[in-house]
Each structure stands twice: as structure tokens, then as C-alpha cells.
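There are 2 protein chains.
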Amino acid sequence: MIHDLAVLGAGPGGFEAALAASRAGLKTALVEKDELGGVCLNRGCVPSKLLLGALCPAEELRALGRAGLCRAEFRPDLAAIRARSQRIMAATRKAMAKRLAEAGVDVVRGQGALFGPNRLLVETPEGQKDIEFKDLILATGSRPAMFPGLEADNENVLDSSAFLDLDRPPASLIVVGAGFIGLEMACMAHLLGAEITLVDALTRPAAGEDPEVSAEIEAACRRRGWDLRLGVRVESLATGQGQAKLVLKGGETILAHKALAAVGRTPNSQGLGLEDAGMALEGPGWVRTDQNLMASANAYAVGDVNGRLLLAHAAADQARYAVRRVLGLEKGPYAPGPVPSVIYGSPEVLRVGAMAAELKAQGKSPEVSRAALAANPIAQAHAAPQGLVKVVWLDGRVAGVTAVGFEVSRLTGTAMAAVTGSWTRQRAEAAIFAHPTLDEALREALLAERTRA
Amino acid sequence: MIHDLAVLGAGPGGFEAALAASRAGLKTALVEKDELGGVCLNRGCVPSKLLLGALCPAEELRALGRAGLCRAEFRPDLAAIRARSQRIMAATRKAMAKRLAEAGVDVVRGQGALFGPNRLLVETPEGQKDIEFKDLILATGSRPAMFPGLEADNENVLDSSAFLDLDRPPASLIVVGAGFIGLEMACMAHLLGAEITLVDALTRPAAGEDPEVSAEIEAACRRRGWDLRLGVRVESLATGQGQAKLVLKGGETILAHKALAAVGRTPNSQGLGLEDAGMALEGPGWVRTDQNLMASANAYAVGDVNGRLLLAHAAADQARYAVRRVLGLEKGPYAPGPVPSVIYGSPEVLRVGAMAAELKAQGKSPEVSRAALAANPIAQAHAAPQGLVKVVWLDGRVAGVTAVGFEVSRLTGTAMAAVTGSWTRQRAEAAIFAHPTLDEALREALLAERTRA
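Residue numbers (our numbering), protein chains in the order written: chain A, 1 to 453; chain B, 1 to 453.
Since the hints were made in silico from the structure, they are not lab data.
It is possible that part of the hints are untrue.
Straight-line distance between alpha carbons at most 20 Å, and here's what the computed EDC-like set of lysine to aspartate or glutamate pairs gives [said to hold, decoys possible]:
| no. | chain 1 | residue 1 | chain 2 | residue 2 |
| --- | --- | --- | --- | --- |
| 1 | B | Lys94 | B | Asp34 |
| 2 | B | Lys94 | A | Glu444 |
| 3 | B | Lys98 | A | Glu449 |
| 4 | A | Lys245 | A | Glu126 |
| 5 | A | Lys129 | A | Asp34 |
| 6 | A | Lys364 | A | Glu348 |
| 7 | A | Lys33 | A | Glu151 |
| 8 | B | Lys129 | B | Asp276 |
| 9 | A | Lys98 | B | Glu444 |
| 10 | A | Lys33 | A | Glu195 |
| 11 | A | Lys249 | A | Glu126 |
| 12 | A | Lys94 | B | Glu444 |
| 13 | A | Lys94 | A | Glu35 |
| 14 | B | Lys98 | B | Asp34 |
| 15 | B | Lys129 | B | Asp34 |
| 16 | B | Lys98 | A | Glu444 |
| 17 | A | Lys94 | A | Asp106 |
| 18 | B | Lys245 | B | Glu155 |
| 19 | A | Lys129 | A | Asp4 |
| 20 | A | Lys98 | B | Glu449 |
| 21 | B | Lys27 | B | Asp106 |
| 22 | A | Lys331 | B | Glu429 |
| 23 | B | Lys331 | A | Glu429 |
Use the sequences and the hints to build the structure in full.
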């Protein structure tokens, strides 16, 4: 059967692409070897937020308890949380399948591979299916990266998927990698009562964020009594005698009940015939795309697999662009404007738009202004006064916002408005912020004195 | 001494006005008979949020417990919460005083009254002070309204200020008035374990909000087992034999440990010589203002006392406008655009811009689109799936947003952007929402099918 569009991978990018294309009248096939929803729904953003949500009172009760405002006991039931997460994810997959069916998408379950630029062979339980197509959207995503000596065996050394499948909390956890996945999961394990050792080769956690944000995160880790090892190299991480055993370069050994390897992600681009179909791979296999997200003459690559931004909402936005372009509704290059990014857990981190270091690296002269959360009544109400909001200015206009602290993801909407609207100080003064809200910390930062970054 | 500007009242409006004026070079006097910060800081928004914040785990633990995800015990210490609130409020007042002093504002403590259009006499502890001024900003605020037979004696029948001063939670509470103050305080008492009876003469709670919002609130009240009496008239409410005794028209009597009278607010405009200074009062004493917020040839009235919008952030915005106008920087009428309004507690309510009924009353033909929170992963993560987001459209553009449910105040920033930017469907499609966030429920509502309201 000949399709106008074939979509390979049914994660946030592929699902959105197939739905939009079919609704717009394209005969569309969606090929998925695993579950609908991809890593995000099944092994990433969603189950981690379901777990964090169920653990959320733990952090809050500790803060209120330290302030002497309550006595509390909180015993989360990890097995029940996990079972409920599975039910919610199954219901979401069912709803996704229904929406795809209603939109008329041909969903093909099986491992697909390209044979040339217009043909996809899929190994399904019912045998091989041959799909011919005019255009292709590749959305095969990514998986946890592994390095020699640092492989998850999923006995005592886990990857992020296996971590989310735990039925009982570990008494102690070594986390290798202090990026957003490592930080979120270390936080969850901490809230479940685990002793945490957090290790990274870089000298600050969340090294992709603003240095002031990293400093706040580091302080939060130390306040909780985590064993934080920054700027250290790992010799090996392996299961031994029912424990996880971490050996650092230099010989020091650290033992824990479990370990999590969270050292980045790697693209799913192998064994798919991508090169034969005219695509080029870079580094560990990221699919090279041009300014129109095109990976070949008739194929787009969207989401993690193109290595641009490993965020579910970026994948979905790229997918919508690609479909508009296939439909001839879009001529310009892909230029999505700022994409918000959030690290959950405690503290939360928000980033929208450009950071000061990034602009300076481009030879520009940004200014910054900032406000501490300490004086904000909502942060005070939750006994969580640590953290700050930082605004990056370029030529008198807001170029970026970042924040770290209690529930700073709440600032996303206003931060997006300020960055996409290139707010001046005058525009910020005219904006009405509800009182009392956490958002007012952003107002304070917008109106604070600016200094050269 | 002659001042360029006198400001009467140091609540959110007066404080903001005095600070802005003095920083801009005007010789400014700020007169306050009570504490800096007004009702908002001392007896309203701030202490209520400090209390709600400290009680916040209670609701969440109940929801998670019902879903079988944890076992928990939570015993808030109301006396400790109140003592901490007092410390925070005192620190905030001190910080305000410092900012006023640094800006060079003459702060005069005492009861002030106007003598003609350019003179203010203030009874201070050190004797009478005579302040002459060119311009005046009146920002004297409001207080709880009382009706015959429904007066707070602050023994067992409380007003909102006395409620926030309770050191021990009542075992049972009658709340007369299901507006935002009554609802927030009923919610707090409920979280503290009180049995709630909620009474209103109108047939739905939060009657100023969209009817669908009221329906969700009513359902939430009933789920919690509150005794909800809507559309009933109160004969009397009084203290008797150490209890609060409510008698309804028709004769039914309801007893409770305490009662709260929350039947609206009334302006502080008596005994200030306002009429002698050329101002006109309406209804219970709201100060009449023109399109420039002017109450007389040289006086502005901002905040609650003008009866426009009884919200702290509206007062502050009006104050900034009035100061700009005094400075000659502003010629046009006061046109602030949408002012967000939030009801805290559980469920939360958010409103930005126009509601459907409001537009229909103007003879317009709005459309609405909506999304339930039930499918949102963050609402699911907190086991709080009730509620909805509703978007009001006029001529294909967003005119208003309202929402009710778990933490919907989070949607404020994006809702403000959509309303102030008059988003079309196409603009909404292009907006990138972080995943997973509660904000995505707003995205879903923006992109849902529209129907005639």
C-alpha cells in the first residue's frame, strides 16, 4: 500500500506527526516496535512525574517540620504508586490508540527498517509488511547512553527505565551523572529514604544550566546530606555480591544497594537503513538535519534522534512543523523561538531563552538582574525560601529567564511571555502580576538593578 | 510642611504610590493609622496564604491516601503557624519601612483627615500634624462588611481578620458567604479538621465566576461532606452560650463552635473629610472616580476604596498609574488590560479577561472551548483529576480564560499571554508548552472544538 506519509516511531514527535498529517488528509502510516507514547510516556517524563507527584508531600512536610509548623509521618507505598502509574500509562496509550484510529492513521506494530528512500519493511507478529511512502518523518528517539565499564546490568546497576520500575526503594543509591535525569531520580530516591551518593566528572551539577543555578542545586544537595563527588572520574560501576560497586579513578570504592547510570542519552538510529535512504549520521548516530529539519530529500528527522533538544515538547513542535511543510503550508526554516526547559524535583529549575554565558560566547554584552525567593510570600508560606530568579537582558530587552527553587516551574508562562515578547523594563512594569504569587519573584527580578554579566 | 504628594493609607496601593512618587523626585508624605501593608499584608492575602501553605500537605495527603499511595499522619500546629506568620509579617513591615526611608518618603503614623482639597491633619502620638499637599492619592482600602443581625462580635462570630487570628482550630465552623473569602477560609478550617456549614443567599458558590466553575466548587464542597446551604436567607447570626448560633429565615437553627461572617467588604471612606475635599461617595461609600482614577481636581482614589476591583495587585497597578499621571508621564485614561484573579484553597480558581456571560450581556456572541483536567499527567500525579479549563473566544481570538481545579493558578502566566496577545487558534498552536505540565490543560482547551456560548 502506498502512503503519503510514513512516520517511524510513536513517541511525542511521531504521535503528533501522524495525528496532524492524517487529520489534514494525508494517508499516513505510523510504525512502532514498542508501546505508543515512547520513552516519554512509558519510561521517562510521565512515570517520573507520577512518582514525584506521589512523593511531593515528603519534601514539603520536611520543610514545614523543620520550621516547627507540624508533626507528620508519611509512608509512600512505592509498589502501589508504580501499579497506579502503569494503569495511568495504559489508559493514556489506549486513548492515544483511539485518537489515531479516529483520525484514520494506519498503525503498524513492529520493527521497521528502510529499504531505499520510499520503502519501509516492518516485521510484525503477522509477518512482514511493506510500506511505500512519499514522505517520511523519522522519530525514533533515544535511549540511555552506556560507556564501557559503566553499563547498566539492571541487577544492581540500573538505567533510568529500570529505576522507574523499582518496586521497593533502595536503602542507598549511587547516581553517576548529575544532569537533569540523575538529579530528578536522586531526588526521588532521597524522598523515598535512600542515602545518596551523586558523582559527576564535571565540577558542578546541572552543568548545562547557569552557574548560579548549579550553585543553588549543589547547596540543596549538601543540605540534605548527600555525598556529592564532583570533578571525579569513574573507573568502573558494576554489580557484585548483591550490591552496586563504584570504583573511582585513583582507586576509591563506594558501595551501595543500587546504582543508577545517568550519563546521557544516545540516538536510536542503528539498523534502520538510514544511510541507505540517504541520511547522514553524526557522533554516536544523531541524524543530521538541515534548517528545515530534513534528513534527506523526502525525510524529516524530529525529536531526540536529531540531537537538537532532547525534550518531548520540542519533538512535538518539530513534528508539527514537519507536517506543515509536507502539506506545503510552511516555507521558512524551522525557528521555534524559545523552548522552555524544566528540571523537576527539589529544587526545580526553569530555563527559557538565552543564558548570559551563551550570549557572551557569541561576543555579545548581556546584562543580568536577579531576585532571591526569600522575600516571596508563597516561598515563605511553604517554608522553602532558597533559590533565585535571574533575568538576562540584551540591548535593554529580556533575552532569557532562569530560576531555581520551590516550584519555579510556575514561572514558565510569564517567562515565555517576557522572552518571546522581548520585554523592556517599561513593559515589565506595566505587566500585572497576581498577588501573592510566586510569579512576583520574576517581577522583582525584572525590575531589579541590572549589572554586566 | 508642603508636600508635592500626600498618600493616605499604606496598603498595597498607598505603599506603591509613595515609593514610586518619592523615587521620581516628588516630596511625598505617607499617612497610615495602623500597620504598613494594609489588610493585604496584615489581615488578608498574606496571612491567609501563609496558613494555606502550611496546611497544603493536608489536602494532598488525603488525595494520595484515597488513591492508596501512602499512609500518612499530619498534625499542623496552628499556634506555631500563626506565630511564624506574625514574624514574617513583622519582617516584611520592617523591610517596607526601610524601603520607604531609603526612598525619602515622610511616613506619618496616625489617623488622617482632609480639611479642604490641600490639607491633611493627622492625629499622631506626638500630637497633631498638619500636611499641606498639591496632589493626593487616597488609598484607604476596605474592611469586612457587616449587616444588621450579622455582625461579627469576635467572640464566636468572627470576621476574616479574627478568623486569621485563631490560635486553635474550631471543631465546627459556619461560614456565611460563599464568595472567595468565605471559600478560602472554609477550606482552611476544613483542612484543620473543622466540620463546615457554608451558607449563601445566592444559589451557587463563587457567584461572580463562570457557572461551570461554581458547579465544580459545589461538587468539591459536597465531596468533602460540607453542609452546603445555597439560596437561603439568614435571619440572624450571634454568639450564645459559648457557641455561634445561625438562624435561617423560616426558623431553622444551626449551631457551631465558631462562625465566620464573610458577606463582602465595605470601603474605608467615613470620617476622612472626603466630601469636603470635593469627592463623591456612592452606595456604602465607594469613592467615585473618573476614567483617570481622579476623585476630585487634585485627588486620585486607588485600590479597594474606589470599588473597582478589590484585589491587591489592582491597587498597586492603579497606584503606579496615578503617580505617572501626577508626574505628567501619562495622559490617557486608566486602561490596565486584564487583571488576573485567583481563588486559593482547593480547588483553586483562575480568571483572566472576559467571561462568556459578560460578553453575552454586552450583546456579543462569544464561543467557548474547554478541556477537563482529568487527562493531564500532573493532575493525575497529584491524584487530583477534578476540574476544567475554559477559554472564551470573541471573533476568533482569546478574550478570557478561566479554570478550576488543582493548582490552576499555575496557568496564570500563559493565560495572561493568551488574553493580552488576543491569541488566535494558529498562535495557540505555535506556542510551545513544556511537557509534562499543568499548563498543557490550557493548550488542550485552546485547541479544543469551540461552541457558541
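Hints that the structure is at odds with (numbers, increasing) = 4, 6, 7, 10, 11
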